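In order, the protein sequences belong to chains W and R. If you want the numbering used here, it's the 1-based position in the first sequence plus 23. If you want the numbering used here, it's the 1-based position in the second sequence plus 136.
None of these hints come from the bench; they were simulated from the model. Watch out, some of these pointers could steer you wrong.
Stated by the list, open to error - No farther apart than 25 Å at their CA atoms in a straight line, the calculated lysine-lysine pairs in the DSS-like style are these:
#1 R/Lys252 with R/Lys509
#2 W/Lys183 with R/Lys480
#3 R/Lys425 with R/Lys315
#4 W/Lys183 with R/Lys315
#5 R/Lys402 with R/Lys193
#6 W/Lys177 with W/Lys26
#7 W/Lys177 with R/Lys402
#8 R/Lys311 with R/Lys151
#9 W/Lys62 with R/Lys181
#10 R/Lys453 with R/Lys544
#11 R/Lys480 with R/Lys449
#12 W/Lys62 with W/Lys164
Source: prediction; values computed, not measured.
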Amino acid sequence: MSKVISGPAYVVQNNIDTDQIIPAQYLTLVPTIPEEYEKLGSYALIGLPESLYPIRYVEEGQTKTKYPIVIAARNFGCGSSREHAPIAMGAAGCQVVVAESYARIYFRNCIATGELYPYEATVALSDKVKTGDHVEVDFDKDEIRTPAGTFKLKPLGEVKPVIDAGGIFDFARQSGLIPAQEK
Amino acid sequence: MTLTEKVLARAAGKKYVQPGDNIWVNADVLLTHDVCGPGTIGVFKREFGKTAKVWDKNKIVIIPDHYIFTADSLSNRNVDILRDFVREQGLPYFYDVIDDPNGHWIFDKSKGQLAKQYGSHFAGVCHTAIAAKGHTRPGEILFGTDSHTCMAGAFNQFATGIGNTDAGFIMGTGKLLIKVPETMRFYLEGALPKGVMGKDIILHIIGEIGFDGATYRAMQYEGPGAYNLPMDDRMTVTNMAIEAGGKNGIFPYDEKCAAYVNERTKLNGTKSDYQPVELDQDQKFIYDKVIDLSKLEPTVAQHPDPGNRALAKTLDKVKLDRAYIGSCTGGKTSDFLAFAQIVKGHTVKIDTFGVPATPEVVFDLKNTQWDGKSVWDHLVGAGVTMTENASCAACLGGPVDTFGRMNKPMSCISATNRNFPGRMGHKESRVYLASPYTVAASALTGHITDPREYLS
Numbered sequence: 024m025s026k027v028i029s030g031p032a033y034v035v036q037n038n039i040d041t042d043q044i045i046p047a048q049y050l051t052l053v054p055t056i057p058e059e060y061e062k063l064g065s066y067a068l069i070g071l072p073e074s075l076y077p078i079r080y081v082e083e084g085q086t087k088t089k090y091p092i093v094i095a096a097r098n099f100g101c102g103s104s105r106e107h108a109p110i111a112m113g114a115a116g117c118q119v120v121v122a123e124s125y126a127r128i129y130f131r132n133c134i135a136t137g138e139l140y141p142y143e144a145t146v147a148l149s150d151k152v153k154t155g156d157h158v159e160v161d162f163d164k165d166e167i168r169t170p171a172g173t174f175k176l177k178p179l180g181e182v183k184p185v186i187d188a189g190g191i192f193d194f195a196r197q198s199g200l201i202p203a204q205e206k
Numbered sequence: 137m138t139l140t141e142k143v144l145a146r147a148a149g150k151k152y153v154q155p156g157d158n159i160w161v162n163a164d165v166l167l168t169h170d171v172c173g174p175g176t177i178g179v180f181k182r183e184f185g186k187t188a189k190v191w192d193k194n195k196i197v198i199i200p201d202h203y204i205f206t207a208d209s210l211s212n213r214n215v216d217i218l219r220d221f222v223r224e225q226g227l228p229y230f231y232d233v234i235d236d237p238n239g240h241w242i243f244d245k246s247k248g249q250l251a252k253q254y255g256s257h258f259a260g261v262c263h264t265a266i267a268a269k270g271h272t273r274p275g276e277i278l279f280g281t282d283s284h285t286c287m288a289g290a291f292n293q294f295a296t297g298i299g300n301t302d303a304g305f306i307m308g309t310g311k312l313l314i315k316v317p318e319t320m321r322f323y324l325e326g327a328l329p330k331g332v333m334g335k336d337i338i339l340h341i342i343g344e345i346g347f348d349g350a351t352y353r354a355m356q357y358e359g360p361g362a363y364n365l366p367m368d369d370r371m372t373v374t375n376m377a378i379e380a381g382g383k384n385g386i387f388p389y390d391e392k393c394a395a396y397v398n399e400r401t402k403l404n405g406t407k408s409d410y411q412p413v414e415l416d417q418d419q420k421f422i423y424d425k426v427i428d429l430s431k432l433e434p435t436v437a438q439h440p441d442p443g444n445r446a447l448a449k450t451l452d453k454v455k456l457d458r459a460y461i462g463s464c465t466g467g468k469t470s471d472f473l474a475f476a477q478i479v480k481g482h483t484v485k486i487d488t489f490g491v492p493a494t495p496e497v498v499f500d501l502k503n504t505q506w507d508g509k510s511v512w513d514h515l516v517g518a519g520v521t522m523t524e525n526a527s528c529a530a531c532l533g534g535p536v537d538t539f540g541r542m543n544k545p546m547s548c549i550s551a552t553n554r555n556f557p558g559r560m561g562h563k564e565s566r567v568y569l570a571s572p573y574t575v576a577a578s579a580l581t582g583h584i585t586d587p588r589e590y591l592s
């Protein structure tokens, strides 16, 4: 994978819970069924109240987002254990989230599925960056470059190779924790 | 070690673990439902092969409960996916909506939302049902594909929510790699005063530590106040650990816990032997707080998060459009009895919906007589719209035809567990979380009301 992910950022604030990432009414879609996976992507972050987030993450009628990078404040992904949350974002084309902190299960689900990288910011980026700003996330330097400056990110550490591999199953096979798959 | 550390050490085959250790543990029970079960099964088949068998068929419990009483065809299909898998694998613990193991579930819209549409195996909301059906045991590890799985910590076990991929991994191997959490202790003293319930304890605590105050941590309850609480209140308290970001909540083992577990395992013929974990002298906590239960008052979590705490008596200016009682957190028999105590003989002023957590709660309410009339009839008589279709219903919004769902912006006071924007339906609606007492009193007045004035 590339060492730098760049593009326009989508910025959200504190406590974006899983109902805002993927509202419960869309959980009827089963992520392991390919066409339903795509459909989940079209609903990513659709639960954000329009009064606070007038710009949609995925435009109506689209399945992919223009924003490969999501910047958030505290407690991103709180609420339910639904794996549909990182999956919907990943299916929409999100590659990395940079948040001040994460809810535990969301963070874990990012790693388990390998859908996207959950970086932790060291400053309140959601106050400094606006939706649409061009940003670059540098995986070698563990930093994010934004119009408001360059900021350090907490290293992903042991999480990164698991997501690089494509999730826990692929990682577990590559590292011999579980036997190779019989097809 | 703390209670959580002791359960995890045992499940990892180790004498000692400490916070931060990454350990492989053996699961005792894996729980899934209609929303995450099909995806979990999909992961299991994709990764272990189409003909793979689950690691232990007696350790998987499948309880459809989320989107059942809806005409949404994908929701009905998802229950069928569960049934097909259960048949293929020969799983004994599947609490199906219908009785025919070869049938298809189709919700009949023409019969309406109120009258019962399930067969004799259906168990209702998974977190309430898993305990009632004898699958929660002290000292064990329960993983579930639902964040409120932590409710089972009331039974002195480690219970936590996981995603489909982790659940698929467990389905094939029986194991999961987890990090040992730090433990926060809440030392409860005294007893709850009149009009104050388990719900008020946990809303008070989340307000105290914040909506992410327990992230990655275990929440352990001790002290004479903890032993005073009946099991239902303990379940409400542990249920909402996740609303503070907690990994799990846990209570010590005592005779109340034993009585519940022994009765329920016997009733359903499930595994009845277990080994509780006892309190050690040398526990280390990252946080330690004494809470005097006798000083608590009816408490509310205001829109838009469960940590936005205020006392009910200070919120009488908050007007409401709707009241709701139900869910794993607030839909138990004891919750409805508390609610009924307040509304009995009065009439609700706003639309009020009641969804029992399980068919057993429906039975209890119909067979408990007060003044020659069933509690169910008292509730209906007070103007509460009661459904017999026990399920998660509008607690998490669900498909648009879900009973009690808010399909336009409005304010609702609810006995449920979560109130982030959009949780109960419309994303511009506002949800206030409170105890069944407070929800009942507020339903009678149309604004947030301290219930103590109704309890003479």
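Verification of the hints:
no.: 1; hint: R/Lys252 with R/Lys509; result: holds (21 Å)
no.: 2; hint: W/Lys183 with R/Lys480; result: violated (58 Å)
no.: 3; hint: R/Lys425 with R/Lys315; result: holds (24 Å)
no.: 4; hint: W/Lys183 with R/Lys315; result: holds (17 Å)
no.: 5; hint: R/Lys402 with R/Lys193; result: holds (20 Å)
no.: 6; hint: W/Lys177 with W/Lys26; result: holds (16 Å)
no.: 7; hint: W/Lys177 with R/Lys402; result: violated (51 Å)
no.: 8; hint: R/Lys311 with R/Lys151; result: holds (18 Å)
no.: 9; hint: W/Lys62 with R/Lys181; result: holds (21 Å)
no.: 10; hint: R/Lys453 with R/Lys544; result: holds (22 Å)
no.: 11; hint: R/Lys480 with R/Lys449; result: holds (22 Å)
no.: 12; hint: W/Lys62 with W/Lys164; result: violated (35 Å)
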